[in-house]
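Colleague: What follows is each chain in one-letter form.
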Amino acid sequence: MQGAAVPMPAPAAARAGKGLSERVLNALYILTFATVLLLVLVPLSALIYGSFRTSAPGSPGEWTLQNYANLASGGVVTTVWTTLWIGLVSAAICIVIGTALALVIHRTDFRHKSLMTALIGLAFYFPSFIVAMAWIILGAPGGIINAIVGDLLGLDFLRTDIYSALGIVYVTVLHQVPFVYLTVRGPIIGMDATYEEAALAAGARPATVIRRVTLPLLAYSIASSFILVFILTIEQFAIPALIGIPGQVNMLATQLYLLCRFSPVDYGLAAAIGLALSAITGAAIWAQRRVTRAGRLTTITGKAGRVKPIPLGRWKWAANLFCFGFIFLALLLPMLILLYTSVLRWFTANPFNGMYTLRNYAFIWESGSTLRSFWNTLLVSGVGAVFGVLLGLMCAYFTLRVRPKGHRWLDFVTVLPFGVPGIVLGLGLLWAYAFLPLPLYGTIAVIIIAFVTRFLPYATETVGGQMVQVDRSLEEAAWVSGANRLRAALRIMLPIISPSIQSAYFLLFMAFFREISSAILLYSANTQVISISIWAFFEQANWGLASALSVVATLIIFGSLVVIGRLAPAGRRF
Amino acid sequence: MGISVSRLSKAYGTVLAVNEISFEIGDGEFVSLLGPSGCGKTTTLRCIAGLEDATGGEIRIGERLVSAPAQNLLVPAHERQIGMVFQSYAVWPHMTVRDNVGFPLSVRGMGAAQARTEVEDALRVVGLAELAGRHPSQLSGGQQQRVALARAIVGSPRVLLFDEPLSNLDAKLREGMRGEIRRLQRRLGIAAVYVTHDREEALSMSDRVIVMDHGRIVQIGTPQDLYRRPASRFVADFVGKVTFVALHRDDAAGPWLCPDGTPIALASTAQGGTRALAAIRPEDIRVQPGEPAGDAAADGANRFAGTIAEAHYTGPVTEYLIEAAGGVIRTHAQIDLEPGARVTLSIPPDRIVLLPPD
Ligand SMILES: Nc1ncnc2c1ncn2[C@@H]1O[C@H](COP(=O)(O)OP(=O)(O)OP(=O)(O)O)[C@@H](O)[C@H]1O
Ligand SMILES: [Mg+2]
Numbered sequence: 001m002q003g004a005a006v007p008m009p010a011p012a013a014a015r016a017g018k019g020l021s022e023r024v025l026n027a028l029y030i031l032t033f034a035t036v037l038l039l040v041l042v043p044l045s046a047l048i049y050g051s052f053r054t055s056a057p058g059s060p061g062e063w064t065l066q067n068y069a070n071l072a073s074g075g076v077v078t079t080v081w082t083t084l085w086i087g088l089v090s091a092a093i094c095i096v097i098g099t100a101l102a103l104v105i106h107r108t109d110f111r112h113k114s115l116m117t118a119l120i121g122l123a124f125y126f127p128s129f130i131v132a133m134a135w136i137i138l139g140a141p142g143g144i145i146n147a148i149v150g151d152l153l154g155l156d157f158l159r160t161d162i163y164s165a166l167g168i169v170y171v172t173v174l175h176q177v178p179f180v181y182l183t184v185r186g187p188i189i190g191m192d193a194t195y196e197e198a199a200l201a202a203g204a205r206p207a208t209v210i211r212r213v214t215l216p217l218l219a220y221s222i223a224s225s226f227i228l229v230f231i232l233t234i235e236q237f238a239i240p241a242l243i244g245i246p247g248q249v250n251m252l253a254t255q256l257y258l259l260c261r262f263s264p265v266d267y268g269l270a271a272a273i274g275l276a277l278s279a280i281t282g283a284a285i286w287a288q289r290r291v292t293r294a295g296r297l298t299t300i301t302g303k304a305g306r307v308k309p310i311p312l313g314r315w316k317w318a319a320n321l322f323c324f325g326f327i328f329l330a331l332l333l334p335m336l337i338l339l340y341t342s343v344l345r346w347f348t349a350n351p352f353n354g355m356y357t358l359r360n361y362a363f364i365w366e367s368g369s370t371l372r373s374f375w376n377t378l379l380v381s382g383v384g385a386v387f388g389v390l391l392g393l394m395c396a397y398f399t400l401r402v403r404p405k406g407h408r409w410l411d412f413v414t415v416l417p418f419g420v421p422g423i424v425l426g427l428g429l430l431w432a433y434a435f436l437p438l439p440l441y442g443t444i445a446v447i448i449i450a451f452v453t454r455f456l457p458y459a460t461e462t463v464g465g466q467m468v469q470v471d472r473s474l475e476e477a478a479w480v481s482g483a484n485r486l487r488a489a490l491r492i493m494l495p496i497i498s499p500s501i502q503s504a505y506f507l508l509f510m511a512f513f514r515e516i517s518s519a520i521l522l523y524s525a526n527t528q529v530i531s532i533s534i535w536a537f538f539e540q541a542n543w544g545l546a547s548a549l550s551v552v553a554t555l556i557i558f559g560s561l562v563v564i565g566r567l568a569p570a571g572r573r574f
Numbered sequence: 001m002g003i004s005v006s007r008l009s010k011a012y013g014t015v016l017a018v019n020e021i022s023f024e025i026g027d028g029e030f031v032s033l034l035g036p037s038g039c040g041k042t043t044t045l046r047c048i049a050g051l052e053d054a055t056g057g058e059i060r061i062g063e064r065l066v067s068a069p070a071q072n073l074l075v076p077a078h079e080r081q082i083g084m085v086f087q088s089y090a091v092w093p094h095m096t097v098r099d100n101v102g103f104p105l106s107v108r109g110m111g112a113a114q115a116r117t118e119v120e121d122a123l124r125v126v127g128l129a130e131l132a133g134r135h136p137s138q139l140s141g142g143q144q145q146r147v148a149l150a151r152a153i154v155g156s157p158r159v160l161l162f163d164e165p166l167s168n169l170d171a172k173l174r175e176g177m178r179g180e181i182r183r184l185q186r187r188l189g190i191a192a193v194y195v196t197h198d199r200e201e202a203l204s205m206s207d208r209v210i211v212m213d214h215g216r217i218v219q220i221g222t223p224q225d226l227y228r229r230p231a232s233r234f235v236a237d238f239v240g241k242v243t244f245v246a247l248h249r250d251d252a253a254g255p256w257l258c259p260d261g262t263p264i265a266l267a268s269t270a271q272g273g274t275r276a277l278a279a280i281r282p283e284d285i286r287v288q289p290g291e292p293a294g295d296a297a298a299d300g301a302n303r304f305a306g307t308i309a310e311a312h313y314t315g316p317v318t319e320y321l322i323e324a325a326g327g328v329i330r331t332h333a334q335i336d337l338e339p340g341a342r343v344t345l346s347i348p349p350d351r352i353v354l355l356p357p358d
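Protein chains in written order, with the numbering used here: chain A, 1 to 574; chain B, 1 to 358.
What the hints contain is simulated information worked out from the structure, not anything from laboratory work. Some hints here could point you the wrong way.
To be verified - Heads up, simulated DMTMM-like pairs for lysine to aspartate or glutamate below, C-alpha to C-alpha not over 25 Å straight-line: (1) Lys172/B x Glu118/B; (2) Lys241/B x Asp121/B; (3) Lys308/A x Glu20/B; (4) Lys308/A x Asp207/B; (5) Lys316/A x Asp53/B; (6) Lys308/A x Asp53/B; (7) Lys241/B x Glu130/B.
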């Protein structure tokens, strides 16, 4: 065998005389790097540029610092405070409920473990704007709750108004609790059971064990989950837009939206706000990484816990009420309400007065624009996610395995979108495509670009997470067997990490399907996706049509979950 | 006081991990549970601790009935007043050494001042008084094990339970800790159950050893009993190195013969029938170079002519596998011999244990 057949380690690979495989890999690296740079840096720099301009994107204007000065104006400062407290309060409540759910499900003899886990999984994928819509139908001044407690029972003091800051918190909590559950469940299940058993043996009652051993051991996971929920809450768009705008409660994301869409329009201030919001989320992400790294010390062992479940005894009813009550509020009730609204001719809170019809569903089928939005969604989610996963795969492979010159920069740029809220990214692209000589504005491509950019870190992280676990020697064994780098990557690495590629695709597909925030500033009549269509119908107070579309979208999401559930075990061979 | 286990069973679904075992442990007695992996030692211990719910039988700690599933009685672990040391130490990483050791006292509501002195005492006993303020991540494995030990003894437990507490330590440290655990237990004067699969540990530490296999007890006895008078081939094999020689005889009163027909003299005549198994420990066999000389030895030992098949030098002794009496006999000797050499083996009749045939 020739020496050249066994590639040298990465640094030497830059030398002359490399084989075809090296050249192909190099070209791929440059391509990946360039794509990621364009995707991430173009909107960001456009945003920074915009924040120093006096005018709207594309129109002549002047340089200015006024936008940053305006950040200190009363309106913006109030918005910042509202954003922060809504974020903190929501995250705190989510943590309490989500951790309690996980403890009840995985530490007690709660009976309906697998059912509950499945339902929370569904709730996790249930789009936030759909939950928000359903709760608006329920809790708006003219909504169902008020019709019942006020008009029917005469209990006027129970009248509610969802269009308030607390309404935002409430729906956010319903939407984010499954996320908390999913992030703390792993640590709870993986925790070395003997820590808790030692406490039991030492004479501590189960409640004391939870308080003094289990929860402190989970502290880092809980803190990290808290920060993540905080980030998700302050950067979210759909819930504060649907609930907050009518109630005149502004969060940074919605204020940015209002500045771009309603007069007085001020794109420059919007850009400055976007950067401020990114600074907050960026700082929070940095804190979260610190917490995670500090927490990696102990407690998780490979062996599954054997710890005896805590008997609920006479508290069984409370556990059931808590778990199923949550699912009822977060999943079942919204679904029922949407079903109900979707078959009404005119909205009424009293089902006995209702005139029922299927015309909303018929309309979906007959309307060209709705069908087109389905088609667009299929294109964006189905095909767009392929690009996203491919790019994530490349980024992970180059930053983790090949590590050519500059891979640290690639790594850094790849994770940047984590810190950029969706609507801020949308605004950046708006600024960018007003200048770039690319005929992209108003095309479906720009939607795909926005989504791929926004979720690139998720794809990279998912694939990379499995890639780092693959022992280097597996690839090295292929090299010494005579395979070049490219071949080893294709024949060894790719099959081994294929489960994570599947999950990354699924993750991106679902995320693209539900995404509103980064598309809301970019869509045009021709490039609507389902989520945006639902949004638009609801904004036009066409609750029936919005509900019917939501029902269909939810069915598609849950249907894909079932399909994936069936397919996934096949991918878990390794 | 002590522990009394009667007809204890534990089933996981259809798997019977522990199958109707009974034993008594006296106050101040140190008893080991010994057996191969998966024989149910840990399960038995965890049933005593209350970390696992037994499915049958009864367990008493002292006078108190703590487990009787038939009467729907299962006292939870935290009410059994036990001290337990885990294989993985289970020293809580978010608490200092002092807090770890003080935990059993604080959850039982002891006042801070009194708890503090007791913690200091316990830490002094295990030799960790200076490290009280440290976190577990700043301790070595052996030190963590001492913390676990201090934590187990501090709450004046009624029994001490150990699940392979030394198996994560290196050999040298392990031997030191054996003595230390034994000393502590003697001081407290309470019953101790010690799970291990290391026969040396079990023999050297215990007052009595319980040998388990497939969820059942196969023999209970002092270490000497088990080693010198095993009741079965399994026990003989499990507690030490041994050679088995299949014996036969023509009628139930005749002399026992080796596979090659050589007669063998035995001290015990307990075994009836025409087939039996002789168990011989390597150190009970004397090896001398050369053919057996002259007539039978004056001491009445059995003599066999043999050829060395294999020799493994281990330092203190050389282990020889010797072809003799129609089989291969394992023995130790301090003399140096080459494979192929002819030797004479002498085995005193009272060192040969007669066991039922397979
Ligand atoms: N949670 C469980 N579910 C099902 N079977 C179990 C469970 N725990 C233990 N077993 C089975 O019960 C038997 C006894 O297990 P146990 O842990 O008591 O063995 P052990 O004697 O302690 O072994 P080792 O020396 O390997 O620790 C084993 O066959 C094991 O597979
Ligand atoms: Mg065990």
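Colleague: Taking the hints in turn, state whether each one holds.
Modeller: Do the hints match the structure? See the list:
1. Lys172/B x Glu118/B: Given that 25 Å is the threshold and the Cα spacing comes to 30 Å, the pair is violated.
2. Lys241/B x Asp121/B: violated (42 Å)
3. Lys308/A x Glu20/B: Distance ~22 Å between Lys308/A and Glu20/B Cα, so the pair holds.
4. Lys308/A x Asp207/B: Not OK: Lys308/A and Asp207/B at ~32 Å, beyond 25 Å, violated.
5. Lys316/A x Asp53/B: Within the cut-off at roughly 20 Å; holds.
6. Lys308/A x Asp53/B: holds (8 Å)
7. Lys241/B x Glu130/B: violated (43 Å)
Hints 1, 2, 4 and 7 from the list above are not met by this structure, while the remaining hints are.
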